[in-house]
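> Sequence:
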Amino acid sequence: MRIACFSQGANRDRPCRVDTNAEPAAADRPRRVEGKAAGHRQFRYFDYVMAAFVTILLLSNVIGAGKRAVIDLPVLGLWPFGAGVLFFPVSYVIGDVLTEVYGYAHARRCIWAGFAAMLFMVVMAWVVVALPPDAGWTGQAAYEQVFGQVPRIVFASIAAFWAGEFVNSYVLARMKIWTKGKALWSRTIGSTVVGQGVDSALFYPLAFLGVAGWATEQVLWVALTQWVLKVTWEAVLTPVTYLVVGWLKRREGVDVYDTDTDFSPFAKAD
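Under this note's numbering, think of the first position of the sequence shown as 101, with each following residue one higher.
Hints were generated in silico from the structure; no laboratory data involved.
The structure presented is a predicted model; accordingly, all values stated were derived computationally and were not measured.
Careful: at least some of the hints might be erroneous.
[What the hints assert, rightly or not] Pairs of lysine-lysine, DSSO-like flavour, derived with a Cα cap of 30 Å:
{"no.": "1", "residue 1": "LYS136", "residue 2": "LYS368"}
{"no.": "2", "residue 1": "LYS280", "residue 2": "LYS349"}
{"no.": "3", "residue 1": "LYS136", "residue 2": "LYS349"}
{"no.": "4", "residue 1": "LYS349", "residue 2": "LYS282"}
{"no.": "5", "residue 1": "LYS280", "residue 2": "LYS368"}
{"no.": "6", "residue 1": "LYS349", "residue 2": "LYS368"}
{"no.": "7", "residue 1": "LYS282", "residue 2": "LYS136"}
{"no.": "8", "residue 1": "LYS280", "residue 2": "LYS136"}
Based on the provided sequences and hints, a complete structural model is requested.
Below you can see the structure in the form of structure tokens.
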């Protein structure tokens, strides 16, 4: 948008004209910032994005983990899946937004925050489930069904989340440099293919391989189908990712490139 004022003769008090079709000034465009410099910046909306990331992560594990669903697909037939898979991939979308807008260092903080929140949630659930129920309360069995998850599954879920999220963020940050910031869709989908691949490859074998009722072929098939479903979700949500990334970059005024970033998950804040 550009504002133009005209002063000719007696029309010196004529109102300014607003040209809404003009190209935005350079000052209105996101400014390139290197990773280390971005690591020390304070951003207006970062805390809100991190809160959304952790909230969706916890809810998808609590709500989704308690139900196994099945849908009948053409050609493929019955397709069983954990209900959490419908919303858990949204955390990967937000992870993409975090890395793309704020850089790997800020995404790393969010991943560790999510990791700590999941551990705290597990401890709380175990303590509450273990408390002796009141004699008149009949919901203990249902409560245990939802919150009393097997320790092996809990460990597998946390380990898969931690590894998958860091791989996703790393791949996206590196691809942004390789693509010179172009073709955002290739980074979001490409990083999800790898990150969710690591997530599924870790979770299902760690949680179910060797468990009674779970044949090796079934574990591998479920891991593959869940990976495909998660990547499909990422592709479907690509337009939303574009809108959110564009909006945040304009509001924050930066476009972070991790050219000088330490990508170790255990590195101190850049």
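> Against each hint, give a clear statement of whether it holds in the structure.
Hint check:
no.: 1; hint: LYS136 / LYS368; result: holds (11 Å)
no.: 2; hint: LYS280 / LYS349; result: holds (16 Å)
no.: 3; hint: LYS136 / LYS349; result: holds (17 Å)
no.: 4; hint: LYS349 / LYS282; result: holds (14 Å)
no.: 5; hint: LYS280 / LYS368; result: holds (26 Å)
no.: 6; hint: LYS349 / LYS368; result: holds (25 Å)
no.: 7; hint: LYS282 / LYS136; result: holds (21 Å)
no.: 8; hint: LYS280 / LYS136; result: holds (18 Å)
Taken one by one, the earlier hints all hold for this structure without exception.
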